[in-house]
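Chains as they are written, first to last, in full-length UniProt numbering: chain F, 1 to 299; chain D, 1 to 230.
Just a few of them, taken from the derived set where beta-carbon distance is under 7 Å, the chain D residues facing chain F:
1) E55
2) R83
3) R93
4) H97
5) P107
Pair by pair, the computed Cβ-Cβ distance ranges are:
6) L273/F to D74/D: 35 to 45 Å
7) P23/F to G127/D: 26 to 36 Å
8) S198/F to N11/D: 39 to 49 Å
9) P23/F to N11/D: 39 to 49 Å
10) H199/D to A201/F: 27 to 37 Å
In silico negatives: residues of chain D with every beta carbon more than 10 Å from chain F:
11) R4
12) S13
13) L27
14) P40
15) G72
16) A137
17) L183
18) L201
19) R205
20) Q222
It should be emphasised that the hints constitute simulated quantities derived from the structure, not laboratory data.
Even glycine gets a Cβ: it sits at the ideal position worked out from N, Cα and C.
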Amino acid sequence: MSGAADALRLLRGDPRAGSVVPPSGFTARLTVFTAAAMAFLAVFALALALSAGHLADRWGDALARTATVRLSAPAGQMDTQLAAVMEVLRTTPGVATARPMTEPEQRALLEPWFGPDLPVETLPLPRMVEVTETQTGFDADALRLRLAGEAPGAVLDDHTRWRRPLVRAADRLRGLGWLSIGLIGAAMGAMITLAANSALAANAQVIEVLRLVGARDAFIARAFVRRFTRRALEGAALGTAAGMVAVALMPGGDGTGFLTGLGFRGLDWLWPLALPPLAGLVAFWATRFAAFRVLKGIT
Amino acid sequence: MAERGVIELDNVSHSYGGGELLSNISLTLAPGAFHFLTGPSGAGKTTFLKICYAELVPTAGAVRLFGADVRGMDRDQIARTRRRIGVVHQDCRFLDHLPVIDNIALPLLTAGQDPDDERNNIDELLGWVGLRARADALPPELSGGERQRAALARAVIMAPDVILADEPTGNIDWEMSLRILQLLVELNRMGKTILIATHDLNLIRAAKAQVAARVLRIKDRQLNLAGADL
Ligand SMILES: Nc1ncnc2c1ncn2[C@@H]1O[C@H](COP(=O)(O)OP(=O)(O)O)[C@@H](O)[C@H]1O
Ligand SMILES: [Mg+2]
Chain F
1 MSGAADALRL LRGDPRAGSV VPPSGFTARL TVFTAAAMAF LAVFALALAL
51 SAGHLADRWG DALARTATVR LSAPAGQMDT QLAAVMEVLR TTPGVATARP
101 MTEPEQRALL EPWFGPDLPV ETLPLPRMVE VTETQTGFDA DALRLRLAGE
151 APGAVLDDHT RWRRPLVRAA DRLRGLGWLS IGLIGAAMGA MITLAANSAL
201 AANAQVIEVL RLVGARDAFI ARAFVRRFTR RALEGAALGT AAGMVAVALM
251 PGGDGTGFLT GLGFRGLDWL WPLALPPLAG LVAFWATRFA AFRVLKGIT
Chain D
1 MAERGVIELD NVSHSYGGGE LLSNISLTLA PGAFHFLTGP SGAGKTTFLK
51 ICYAELVPTA GAVRLFGADV RGMDRDQIAR TRRRIGVVHQ DCRFLDHLPV
101 IDNIALPLLT AGQDPDDERN NIDELLGWVG LRARADALPP ELSGGERQRA
151 ALARAVIMAP DVILADEPTG NIDWEMSLRI LQLLVELNRM GKTILIATHD
201 LNLIRAAKAQ VAARVLRIKD RQLNLAGADL
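If we strip away everything but chain F, and leave its shape as in the complex, we get:
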């Protein structure tokens, strides 16, 4: 395609052919600034999209078919009720496995709240049974009814009930993040088009002269495209760098909370590097489009 060939020639550069259009300080600075601001915003949108994505994945995994049964019973009845609970779970369709938590596991669960020295064995703590579902899952309401009948001290804690909306929200947030990036790109394309149009209008005489001495449209378009693409690349590189620094400086945490988890992890850091070339591509096509449209009206 001729567009790709033009892009290559553009990268190789030809400052001389570019000089046929007089320099324009103000639109140039404006374009660089716009590209920088857009790239800065895009970095945050990207961080939002990626973090929300990670969160959705993790929460999704965590609730992937696990539930707990919490059993509170007077010390004497604990064992019989536990046996009843296990029997109910064993005969419930959709339950893959059911396993009472061991004492060290329960201690680990409570440690963050009570410290490591908690004498678990002396406390009237509920027993926990970890349940995993099969692919199809179980009917939580029916299971609750059966448990109430067989073991009155048992409560089914269905994680999915409170986590599902969170996963949905995180999913939605991820989508909004990507949508924002798309909108930022479109807005940048629109602004570059406006800037290119004003540059083309300001240089109408120059373009006429170039046509009259035998310049092809592609030559003239290239003079403008080269300029705006370079400005967009420069601006976007600056904005992306600034955005990445800002994200790196965000107060972090263990990454499980939402706000403290906002940022890039590991290979995520490669994503923002795609922003400057993308901005260049947007500028390239926006300017090319604007230039050829204007050139059609000049003999």
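Based on the hints, put chain D with the ligands in the right spot on chain F.
Just chain D with the ligands now, kept in the frame of chain F:
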């Protein structure tokens, strides 16, 4: 078919929206010919030249440049055809932000050639039009005669087959006019086809002393061969 011309107009008429400015004009410019185009101001000389290098598409009739119908050409073909026609525009049409030497080299650059490869040619051309000392001046700094000579240098840089000059001696003194005429006569002796629009009858007389120039006159929307009185 009749003799092939480098520029052929066939029943060309043109109007800018109002009444007809040119009416049913036919002309064949044979290779190597030297023509003047004359007529009162406003008669349509500039319009006629614009039609000859496809800046303007006439409202009726056919224009063939080097045998190809202009209406059948796409924009790239028109660009390439213009490289074969050197034009000295009435208002010169320079890029005012570039020095004279770059303006002269502009057609090379736009044709995808590297002006550095043609440095000797450009220098020779600057010497020919007597502008070596003004090579780095900007067009607005030039005198009228210097502008015309620079425009002529740009018109011939691509070694075109045809040179069209629109009032190349307008607003400049007689001595300088003769010098520019001299350059055009030299080009014609090299085999170039020349068409000069002018209302300066003295210039035409001076030319006739040197070359077999034919004089075309636009009058009442028609193009006619002028009589021997010119
Ligand atoms: N672009 C244009 N639009 C409308 N009228 C024009 C245009 N160019 C020239 N004219 C008119 O056409 C007539 C001929 O102009 P022109 O070809 O420049 O004549 P000349 O060169 O012989 O002086 C003039 O009346 C001029 O006003
Ligand atoms: Mg005129």
